[in-house]
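Residue numbers (this note's numbering), protein chains in the order written: chain Z, 1 to 342; chain L, 1 to 342; chain C, 1 to 342.
Just so you know, the hints here were simulated from the structure itself, not pulled from any lab data.
Do not take every clue at face value.
Stated by the list, open to error - Derived CB-CB ranges, DEER-like:
id	chain 1	residue 1	chain 2	residue 2	range
1	C	209	Z	31	43 to 53 Å
2	Z	319	C	324	22 to 32 Å
3	L	288	Z	201	34 to 44 Å
4	L	24	Z	109	39 to 49 Å
5	L	333	Z	12	22 to 32 Å
6	Z	24	L	30	33 to 43 Å
7	Z	221	L	333	29 to 39 Å
8	Z	31	C	324	42 to 52 Å
9	L	243	Z	258	39 to 49 Å
10	L	242	Z	24	53 to 63 Å
11	L	30	C	258	57 to 67 Å
12	L	246	Z	24	54 to 64 Å
13	Z	264	C	200	52 to 62 Å
As the structure is a computational prediction, the values presented were derived from the model and not from experiment.
For every residue, glycine included, the Cβ atom is placed at its ideal position computed from N, Cα and C.
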Amino acid sequence: MQFTGAHILSIDQFSQDDVEHLFQVADAMEPFARRALRTRVLDGAILSNLFFEPSTRTRVSFGCAFNLLGGHVRETTEIKASSISKGESLYDTARVISGYSDIIAMRHPVAGSVEEFARASRVPVINAGDGPAEHPSQALLDLYTIRKELRIDGPLEKLRIAMVGDLKHGRTVHSLGKLLCLYRNIHFTLVSPRELAMPAYIVDLLRSKGHTVSETDSMEAGLHNCDTVYLTRIQEERFVNQAEADLYRGRFRLNQAIYTQHCKPNTVIMHPLPRDSRAEANELDNDLNQHPSLAIFRQTDNGVLVRMALFALTLGVADQVARHVEEVPWYTAKRFRNPPPL
Amino acid sequence: MQFTGAHILSIDQFSQDDVEHLFQVADAMEPFARRALRTRVLDGAILSNLFFEPSTRTRVSFGCAFNLLGGHVRETTEIKASSISKGESLYDTARVISGYSDIIAMRHPVAGSVEEFARASRVPVINAGDGPAEHPSQALLDLYTIRKELRIDGPLEKLRIAMVGDLKHGRTVHSLGKLLCLYRNIHFTLVSPRELAMPAYIVDLLRSKGHTVSETDSMEAGLHNCDTVYLTRIQEERFVNQAEADLYRGRFRLNQAIYTQHCKPNTVIMHPLPRDSRAEANELDNDLNQHPSLAIFRQTDNGVLVRMALFALTLGVADQVARHVEEVPWYTAKRFRNPPPL
Amino acid sequence: MQFTGAHILSIDQFSQDDVEHLFQVADAMEPFARRALRTRVLDGAILSNLFFEPSTRTRVSFGCAFNLLGGHVRETTEIKASSISKGESLYDTARVISGYSDIIAMRHPVAGSVEEFARASRVPVINAGDGPAEHPSQALLDLYTIRKELRIDGPLEKLRIAMVGDLKHGRTVHSLGKLLCLYRNIHFTLVSPRELAMPAYIVDLLRSKGHTVSETDSMEAGLHNCDTVYLTRIQEERFVNQAEADLYRGRFRLNQAIYTQHCKPNTVIMHPLPRDSRAEANELDNDLNQHPSLAIFRQTDNGVLVRMALFALTLGVADQVARHVEEVPWYTAKRFRNPPPL
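The whole structure should be built from the sequences, with the hints applied where relevant.
This is the structure in structure tokens:
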């Protein structure tokens, strides 16, 4: 892929080389994210954060990544509050907003809408999630995290990953599955209620690429011998009604006792967040918060690196970052310290 | 007008010389808006974008214009979420917010409220729309666009303009009409349902300045021989109820076939946006999206230039912009390319 | 207190020396806030403004203070729009957002929630109000204002202050009372309806520190001979129902006539804002807007100085501000001019 000027809409755009290239750039962003240094390479550039569906974490992550490169961020978060409610088409919104911006990160509840928007945009568009469809930067940060946690240098192979929960609606597991197709000899264990199973087209895709897939509705069985367990929330906002979602909430729960009994030591624990910590759900228990293999907050930290890399590459400044470097004069000592006890 | 330190509240403040001066400054902003260069002249300055009524386009345009000059933007978009709902007066809000800001752009649903606010403000206030009353930067960008599209250098004369749609509620046509009074020998064709006609005081004003005005409820007749057609949306939010607005939506529609049959070649097509592209309205059809005379997105692009000029002039830095110029290191190639096919 | 790296959660953290130190730094911020100079000491730093309860004034004040030091601001204002509504714990939100930020200002409707959040945060957290509990920067700016208005250099003593209104729910009077405990020989006159009296534990605290306290439900009596009158709004959002709040609105009202009759000359008039200017409340009448002793807008101006000082101290750059100073090229003449007549 030619990154410069590209829209980042789907994991399908990425070759293995593209991923390796992106991750090298993400590695180079680390001193800026942990505040050893600061850079002004995008000083004066404007990101439009266009969120037609709420997402604090993803929105702030994109905004922060752009600020870390020196740029300005203009945000729109109110869908009803916007011209859309006056009958404006995505085409018009894209033509207009792209005249105000150097790059756009966009989330929308409708699958395909970000691509439709991007076709009319005059600046690169990064898909920050289009309903149940794609969320490419999430899949990339997940893979980046897996490799960092497992200390894999270069392409990963022979990974054993368990995906647990609402595999039907969870776009992060769809995208991560597709992204892992770029690599070899991966074993997927898919743990879900039968009704929330991974869509067949994705299972078929994984198998067609030579990976092995086993499906189960027993979490304990699924955890056996995996390197990484990737938990997900029941995506209640994608269900027709709350009552149906309630049937599944709390079905699978990982906690300290189950981890100790069923996982091999150092199994990496991941979750795309937010995790549902209410008693009736609690798919990932707080009693694991201090566990060294709990990678969920390193995941969100890595998200900043990956998004900085996407901005730097699509705006063509990845090789210029070092030319705009300065010292950080302010206090940063606790930034990446270990979590305090609850 | 002495621009430096002035509030920009109404088109009535502008003389012909003021407009010419503003447009020269706007011209000088073009390299920054299209990213040939960047400037830091307002680095460290703070714009408060105070929107008591939603408007994605106008809000982002003001914010982007300020960022392009190097400044910070602080936004308030939630009217219910604000102190106003606790009984705070506009006077108090103005005293407080003007202590936090170097300049304020404000939109409010009530006519006259921005002026009331400005009287108490300690920093310049730009009216970004006060209900049905004024929206001076829109009128200025419209006039700037007309001149650019018609390649007029210097004061315009003998323009033939058709205004179409909800001329009763559309503040953009009111303001543009008043602004055009500064020039000579203009022919206005006002196309609207009789019930949504241009207010009599504006028609009288136009005539008193020596312009000719014809009114009709036939769009086809109105399009005849004009240089510019300015379409508007039925302003449904200004109607007492939706049913009444629905009576008029879709009454006038410009599309490729009607344009070809009734307009002379190169008639400039304008619209203040958002255009209502829903089937029941569709006042400006998407089949004209690739038409070279469709100026609606050049209009919004020009809005950034005009707002940059307003900021630079009211903050007294118009002649200092060039002293803070730097290269743009990032990718900008597609920024102003032609629109892609739908 | 060691300011660098500290969370600022409560007035209880402050010794008299801490307050004196903070106020010296606040004094040094004045040239930047009134735009004689600008500084870039926090250029590249990121403040997360995390407001789980609306507050235009406090939110913009924190954001502006950070911009004045050169930093970026990322905002989250939509509580329902956030991960919280998907069951995310404060612990998770804190772990995630602190990975995106150099410092966080947080408001939340629930007492104690900011402290809970801060325990999990990897960067300093400033409490911008947690429900009925604490709002330390407000108490600090109030004390800073009292001293400036009364032209007191160094620790204040023998102050006579009247607090008026909803002393039960008003956290600003609670915090200010506690903060004044650091000083000596203060006389408090507490004016409220009996049902909205200052909580007994605060009255006991004041007395235990050697201060004198008198309580009354007559405002006229309470105003007698005080140096400062601190008015408050009926905090209707803290009442069980609107009807109960309505019982008390409008009970105490200060206006020009009452001031002239009952206050000694130069009595400083303060209010934490917003003041409720609706006819049925109007606790502080607009006929005092031009009175030289009306300090309410100098209070909000001072809030910027105090918040700049808190940022500079917690981020450890208070002694580096002067190293990043530049001229201000834009118009600032009206910024601190006297209020115009209504």
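Subject >> Indices of hints not satisfied (ascending) >> reply: Violated hints: 7, 8, 9; rest satisfied.
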